[in-house]
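Protein chains in written order, with our numbering: chain A, 400 to 626; chain B, 2 to 268.
Rather than coming from a laboratory, the hints here were simulated on the basis of the structure.
Since the structure is predicted, the reported quantities are computational estimates derived from the model, not experimental observations.
One should not assume that every hint holds.
As the list claims (entries may be wrong) - Derived lysine-lysine pairs resembling DSS-like cross-links, with alpha carbons at most 30 Å apart:
{"id": "1", "chain 1": "B", "residue 1": "98", "chain 2": "A", "residue 2": "540"}
{"id": "2", "chain 1": "B", "residue 1": "96", "chain 2": "A", "residue 2": "540"}
{"id": "3", "chain 1": "B", "residue 1": "134", "chain 2": "A", "residue 2": "613"}
{"id": "4", "chain 1": "B", "residue 1": "31", "chain 2": "B", "residue 2": "6"}
{"id": "5", "chain 1": "B", "residue 1": "6", "chain 2": "A", "residue 2": "613"}
{"id": "6", "chain 1": "A", "residue 1": "540", "chain 2": "B", "residue 2": "120"}
{"id": "7", "chain 1": "B", "residue 1": "119", "chain 2": "B", "residue 2": "98"}
{"id": "8", "chain 1": "B", "residue 1": "31", "chain 2": "B", "residue 2": "98"}
{"id": "9", "chain 1": "A", "residue 1": "540", "chain 2": "B", "residue 2": "6"}
{"id": "10", "chain 1": "B", "residue 1": "134", "chain 2": "A", "residue 2": "540"}
{"id": "11", "chain 1": "A", "residue 1": "613", "chain 2": "B", "residue 2": "98"}
Said to hold, decoys possible - Pairwise CB distance ranges, derived in the manner of DEER restraints:
{"id": "12", "chain 1": "A", "residue 1": "539", "chain 2": "B", "residue 2": "42", "range": "34 to 44 Å"}
{"id": "13", "chain 1": "A", "residue 1": "461", "chain 2": "B", "residue 2": "72", "range": "29 to 39 Å"}
{"id": "14", "chain 1": "B", "residue 1": "76", "chain 2": "A", "residue 2": "598", "range": "55 to 65 Å"}
For glycine and all other residues, C-beta sits at the position ideal for the given N, C-alpha and C.
Chain by chain, the residues run as shown.
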Amino acid sequence: MSKLLADSALQNLILTATGQTLYMVALSLGIAIAVGVPTGVLLVISTPGHILPRPRLHAILGSIINTGRSIPFVILLFLLMPLTKVLVGVSIGTKGAIFPLAVAAIPFVARIVETSLQELDPGVIEAAQSMGASPLQIITKVLLPEAWPALILGFTLTAINLVGYSAMAGAIGGGGLGDIAIRYGYQRFRNDVLLETVVILIILVQITQSLGNKLALRASRGQRRIN
Amino acid sequence: MIEVKNLGKDFITPQGKLTALRNISFTVTKGEVFGIMGPSGAGKSTLVRCLNFLERPTSGTVRVAGQDLATLNPRELARARQQIGMIFQHFNLLKLKTVAQNIAFPLEIAQWPREDIKKRVAELLDIVGLTDKARAYPHQLSGGQKQRVGIARALACRPRLLLSDEATSALDTETTQSILELLQHINRDLGVTIVIISHELAVIQQISHRVAVLSEGKLVEIGPAADIFTRPHATATKRLITMNSPAQGTRPLRGGAQPALAKRGVI
Numbered sequence: 400m401s402k403l404l405a406d407s408a409l410q411n412l413i414l415t416a417t418g419q420t421l422y423m424v425a426l427s428l429g430i431a432i433a434v435g436v437p438t439g440v441l442l443v444i445s446t447p448g449h450i451l452p453r454p455r456l457h458a459i460l461g462s463i464i465n466t467g468r469s470i471p472f473v474i475l476l477f478l479l480m481p482l483t484k485v486l487v488g489v490s491i492g493t494k495g496a497i498f499p500l501a502v503a504a505i506p507f508v509a510r511i512v513e514t515s516l517q518e519l520d521p522g523v524i525e526a527a528q529s530m531g532a533s534p535l536q537i538i539t540k541v542l543l544p545e546a547w548p549a550l551i552l553g554f555t556l557t558a559i560n561l562v563g564y565s566a567m568a569g570a571i572g573g574g575g576l577g578d579i580a581i582r583y584g585y586q587r588f589r590n591d592v593l594l595e596t597v598v599i600l601i602i603l604v605q606i607t608q609s610l611g612n613k614l615a616l617r618a619s620r621g622q623r624r625i626n
Numbered sequence: 002m003i004e005v006k007n008l009g010k011d012f013i014t015p016q017g018k019l020t021a022l023r024n025i026s027f028t029v030t031k032g033e034v035f036g037i038m039g040p041s042g043a044g045k046s047t048l049v050r051c052l053n054f055l056e057r058p059t060s061g062t063v064r065v066a067g068q069d070l071a072t073l074n075p076r077e078l079a080r081a082r083q084q085i086g087m088i089f090q091h092f093n094l095l096k097l098k099t100v101a102q103n104i105a106f107p108l109e110i111a112q113w114p115r116e117d118i119k120k121r122v123a124e125l126l127d128i129v130g131l132t133d134k135a136r137a138y139p140h141q142l143s144g145g146q147k148q149r150v151g152i153a154r155a156l157a158c159r160p161r162l163l164l165s166d167e168a169t170s171a172l173d174t175e176t177t178q179s180i181l182e183l184l185q186h187i188n189r190d191l192g193v194t195i196v197i198i199s200h201e202l203a204v205i206q207q208i209s210h211r212v213a214v215l216s217e218g219k220l221v222e223i224g225p226a227a228d229i230f231t232r233p234h235a236t237a238t239k240r241l242i243t244m245n246s247p248a249q250g251t252r253p254l255r256g257g258a259q260p261a262l263a264k265r266g267v268i
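So that you can see chain A by itself, here it is in the shape it has in the complex (with noise of 0.2 Å):
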C-alpha cells in the first residue's frame, strides 16, 4: 500500500479512471432513461385492454426488448463498434464506450417502466378516463408521477449496473475503473491498484444506492410501502 500511495502518478490515473468511469455511467444512463422511459410507457400503455390496446406494436417492442436484453454487454460491445463509429466518430475509448452503454441499459430501463407502470391500480387510471383525461394526460399526470418512487429506485439500479458494465468497457480502451484495474492491476500484477479499484467500486455502489433511496422515499410522500 505505501509503495502505490507514494507513486502519485498512479493515484491520478485512478483519480481521472474515477472520473471516466462517472462520465460514462452519468451520460449512459441519461440516454438510456431518455429513450428507455418513452419505450417502457408505450410497451405498458399498447397492452391489450390499457389505455391504447395495439396488441401488435406490443408484441414487437416486446421482442426487441428481448433481444436487446439477451446479448452480453462483452459482445455487444464488439458487435455495435461499426455503428459506434459512424455515430460517435470514435468506437473506442471512453467516448466510444457510452453508445453501447446506453444501448445495453435501454432495454433494462423499458422493462424497469414496465413494470413500475405495472403495479398502478388499474382503479386510479380508470378515474382519469372517467374524468375525461386523454392517453396522454394519463401518462404525463398519472402513470409517471405515481410510479416516481418505483421508477426512481429503478433508475438507481440501472445506475449500479451500468457502472458494472462500464468496467467492462475498458475491454475497449474505453478508461474508466476497469481499465485501470486490467491494465495495472491485472497485467502489472499490481494487486494493491486492483484492491483499491475495487474499494472506489464499491463506495460509488454504495452511495448511489443509499442516494436512490432517499430520493425514493422521499417522492413516496411519507407511505409506508413504495408504490
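Based on the hints, put chain B in the right spot on chain A.
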C-alpha cells in the same frame, strides 16, 4: 338525463363470448336518485360503466343529456365525461397527491385557469367537510374521508350527473350513513342527478327514488323504490329481498342487521 335503449354488452373471453348485459332499456329523469341493484355478477358495474362509456356497449344506444355517446369522437367524449362525475368502491385517489391536489386533478384535465382551480377546490373542500385535510395525503385519511375526497373530485367540474359504483361497499355502517347523507345533500341542494349501484339493498332503499333490478344481465324490474321493496313482482327481486332480510324485512342500515349479515356473507 339518461336514456338507455336496447343496450347489450358482450365480452370476448378466451372461453368464448360472454354476454354481460342484454337488451336493457330505461330512462333516468333529471334530479332523481336512480338505484340499480342486483346480486353480484348481475352486470351492475358493467351497466354503470356503459353510462360514461368506460365500457363501450356492443349494441343499443346510451344518451346522456341528449347526446348519443356512441356518436362522439374521443375529444367530444372526454368533454362529455367531464360532465359525468363518478365515484368508486375503492376511491381510486392519486396516492402521491394531497387531498387538494386530488380534487384539483379533474380541473387540470379540463384545463381550468389556475386561479379558478384554487377557488373551486376550496369550495369543494367545504362541501365535503374536509377543509382541514387539504394538505393531507390519502394514506393519512379514513375510508370515509377518502370517499369524501372522491366525491369532491367527482363534483369538481360541476357535473349534472354522478355515477356511484358501490361507493359505500368498503365502508362501515356509520360511515356509509354519512356518505349517503352527503349524496342526498348533493342531489337535493345541488340538483345533481345520481345513479347509484350497490349490492347493499339497504343503501339502495334508503337513497333511491326509483330502482331497477338487474339479474343475469337482464333488467327484470323497474319502479319507485317504495313499490319495489314492498311489492316486488319479479322472482329475482323477491329472491334478492328475502335473501337479504330473512327475519326483519328490509330495514335501513341504522338497524345494524345488515353489517352482521354482510359478515356472514349473506349480502
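Q: May I ask which of the numbered hints given earlier this structure violates, with the numbers listed in increasing order?
A: Per hint list: 5, 8, 9 violated.
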